[in-house]
Amino acid sequence: MKTKNKKTKLKERKVIEVNSVSKIYKNERETVAALKDIDFTLGYGDDLAIVGPSGSGKTTLLQIMGGLSDPSHGEVLTDGMRVNTGNDNNISEFRNQKMGFIFQNIYLQDYFTALENVMLPMLIAGKSRKVAKDRAEELLTLVGLQDRMNYKPSKLSGGEEQRVAIARALSNTPKILFADEPTAKLDAKNSKLVVDLLKEINKTGVSIVVITHDEQVASYFTKKLYLDHGTVTSINF
Amino acid sequence: MKISEIIIINLKKLKEQRSKALFLIVPVFILMALTVIFASQIKNIQNGIDTSIFQTLKDQATLIQINKLSQNSQQDLRGRFGGGANAGGGPSFSLQDTEFTQTDIATINKIPGVVSTSLNNNVPILNIYSTDLFSGTKYTLNSLSELDSTSAGLFTTENFAYKEGEPIPIILNSNSFIQRYEDWGGKTEISLDFQNFRGTGKTNITSENNPTPIKAKAIEYNKDDLIGKTFTLNFGGLDEIQDYSIQFDNGTQKFVKLTKSEINTKVNDRKTAISKYWDYNKVSKPITYTFKVVGIISDSTSNSSYIPTSFANKVMHDYLANEIKARTTSIPVSVLNSTFTGLTYDGTKFQNNNNFRGVKMFFGGGQGARFETAGGSGNSQPVTYNIPGLVINTSTDGAGTVTGVNTDYNIYANALKTSQYLTIKIDSVFNRTSIVKALNDAGYAYQDGNSFDVFNKIQSTVQSLSLGFSIGFIIISSLVVLFAMAKFVSDSRKEIGIFRAIGMKKGEVVSMFTSQSILYVLFAYVLGIGLGIAGNYLFSPFIYSWFNNFISNTIKQSFNVVPVLSMSSFNSFDWSSILIYSAVLIIITIIVSLVPAYKASQISPVEAIKGEN
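Just so you know, the protein sequences line up as chains R and G, in that order. Take the first sequence: its letter number 117 is residue 111 in our numbering, and every next letter is one higher. Take the second sequence: its letter number 276 is residue 403 in our numbering, and every next letter is one higher.
Because the hints were derived from the structure by calculation, they are not lab data. Note that the coordinates shown come from a computational prediction; the quantities given were computed from them, not determined experimentally. Built from N, CA and C at the ideal position, the CB exists for glycine as well. Treat each hint with caution, since some may be false.
With the Cβ distance kept under 10 Å, some of the chain R side facing chain G (calculated, not the full set) [said to hold, decoys possible]:
1) Gly60
2) Gly61
3) Ser63
4) Asp82
5) Glu87
6) Asn90
7) Phe97
8) Leu102
9) Asp104
10) Glu110
11) Pro115
12) Leu117
13) Ile118
14) Ser122
15) Arg123
16) Ala163
No more than 25 Å apart at the CA atoms, straight line, and that leaves these computed lysine-lysine pairs for DSS-like [to be verified]:
17) G:Lys633 to G:Lys621
18) R:Lys146 to G:Lys129
19) G:Lys441 to G:Lys356
20) R:Lys197 to R:Lys218
21) G:Lys142 to R:Lys121
22) R:Lys169 to G:Lys633
23) R:Lys20 to G:Lys726
24) G:Lys621 to R:Lys149
25) G:Lys350 to G:Lys265
26) G:Lys387 to G:Lys398
27) G:Lys265 to G:Lys344
28) G:Lys614 to R:Lys146
29) R:Lys146 to G:Lys147
30) R:Lys218 to R:Lys8
31) R:Lys149 to G:Lys142
32) G:Lys621 to G:Lys142
33) G:Lys237 to G:Lys476
34) R:Lys146 to G:Lys139
35) G:Lys398 to G:Lys384
36) R:Lys179 to G:Lys621
37) G:Lys147 to R:Lys149
38) R:Lys92 to G:Lys129
39) R:Lys186 to R:Lys146
40) G:Lys139 to R:Lys124
Input sequences plus hints: build the corresponding full structure.
This is how it looks when you write it as structure tokens:
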């Protein structure tokens, strides 16, 4: 009975619930509202592109959803967890287990090989090296880098680096993948490759939120949310 | 995250980001190497000071030796005017004036803080000489005193105990390193106007203004070569026959060189006289012992050398036994002290009378004196012969009437003695000033050196140097760790952001940076200890020679005995201090790196995803 209830509840739950989120930056001279009263939800397995020009607040929104930054008002529930309030250790652990991040600037640790970079979130999770290594090899094969596993980031191309970052983001089998301008630094060919990869991942049930200023990239994703000056200008769900 | 994984990350960083790691590693490496050298050498210098200075002070500062001669205003010219085997007649000081007695001991022992007082008795043996201490030169010991092992601390750090079968320790007085010789300038007769000579008022007679043919000069020696040397000393035997005569004529003194046949006659006369009562061969043969030099004194107020008290008793026993056993028949009282002279004994004490000691020579009473030992040619003195070990019993009534000869071998050990020197043992260095004052108040002149302040200053200098280094070490190591870690953290902001974004906890960030600094510091530490060990061996000769110079220029000027450390003692390591410094370094590393590590943990993961266009 209990199990059934839980299952029912899970079905009703959304992977992301953004409730009246505002973000206000204050300094001595002015008060800037980066986000104004944002509301939306995203279901499990959904894929979303948040589209907007520079300064629209899209990255701020992603940070708040990922629990990396706190809203001034409102709250976000990611996989049912309030990611902006509470114990930092719990949120860190949650981020490690349930979320994956891909960044515009990629940020691999340059003293680690591709394999070690992918192993890192699993090691942070406390998994054994053996388990982490097997999983990392599997993921790197998945992203087509089985021949580059022991390369340092400096020996990899931008596209290859971003694929390592994607493998890293997937290492702990997250519920949701946040990608902040994942193709901004890549050429058309590699951009396509990365977007295709994200779509593939989405097909395995991982929810995806992509931030982009590029309509072309956005067009690959099912749902779209347009932001401008901190306000939702259009929702295409 | 497992701590082992954090350490692996740090090892990886150390390996991959070596040039950055050097910011922390190089200063800690150098600091630790310097610490090993500095701590060890400070300790070695401190040991050196303890051994060379404070050991000296500790032993010597609780001892005071006073000299009867410095209590008197009269000039003693022993050994300066040619010397010789005998002197006598002529006015001399009374016993009370020249020697300390049991009464002085009793007086001094009453001074608060005085532990004990001992006389440094002269061993009353004529003819003590060595032919192998200085090669090619006969060295005659005019004054040999006994010294207990406590008082020996004044002059040596070595064991000063007599042990049968081993070389006997002896402390030589460099003032006695004098070689006597005759210089007749090709003549056989030299006259001098003695009255006029006295008129010059010169009391220090040097070879330049010594117009007599009897000369003396210092034997050249090297202190370092002498210390530890073993040599033979001969005790007793008969005097060398004086090979000249001295005649007085109306204020003029005439030295006349004897011919070979005249000397032979004198030798034979003596042999005949002695053989009447003694086995000549036994009496004329000295007793020999092997000695080891354990100290050299150069005290201008004294020319006494020292042997252990127990050996003084032994040599006197042997010496008396030799004479007594050599006697073939008893000697009539009428002959003693007229034809034969010896040490007088009245049943309680020896008289160190000049006839026997034969080495003193005083000016006084208008007549310079140098008398024949073996046949008085040229003056009115009777011919007398010194017999080694002959102890003449005298009456106790003070008249000194000769009553016979003594046959007790142990008479010396049991006699009450007197001495020109006595050594006072005091309870504490801190009472020294008051005791010296009390001595002077009691009529015993003693001037203390003022070296004590200097030693305190040296000690405090070394201590503050050591303290300064410790404080410097703490400050420098703290700053090095703080700045290096602050730099590492600021260079790693993006990296920290990414770690945080992928789920690293704040505490783990702190652990990561703290362990990074510990790891780097340990790495530098191991290398630094290695360099320090090598450096310590490299520097120790310089420290050693500096220290020796320092000691020679300071303390050796004031003290007779300065124990010198060996070169190898400056190779020592002060592991206990190094251990403390190591612990301090690790503690500082942990505490100081916590600050930048905490700051690192506060870096927001948002850093990592900045760069939005």
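Among all the numbered hints in the text so far, which are the ones the structure does not match? Result: no hint breaks.
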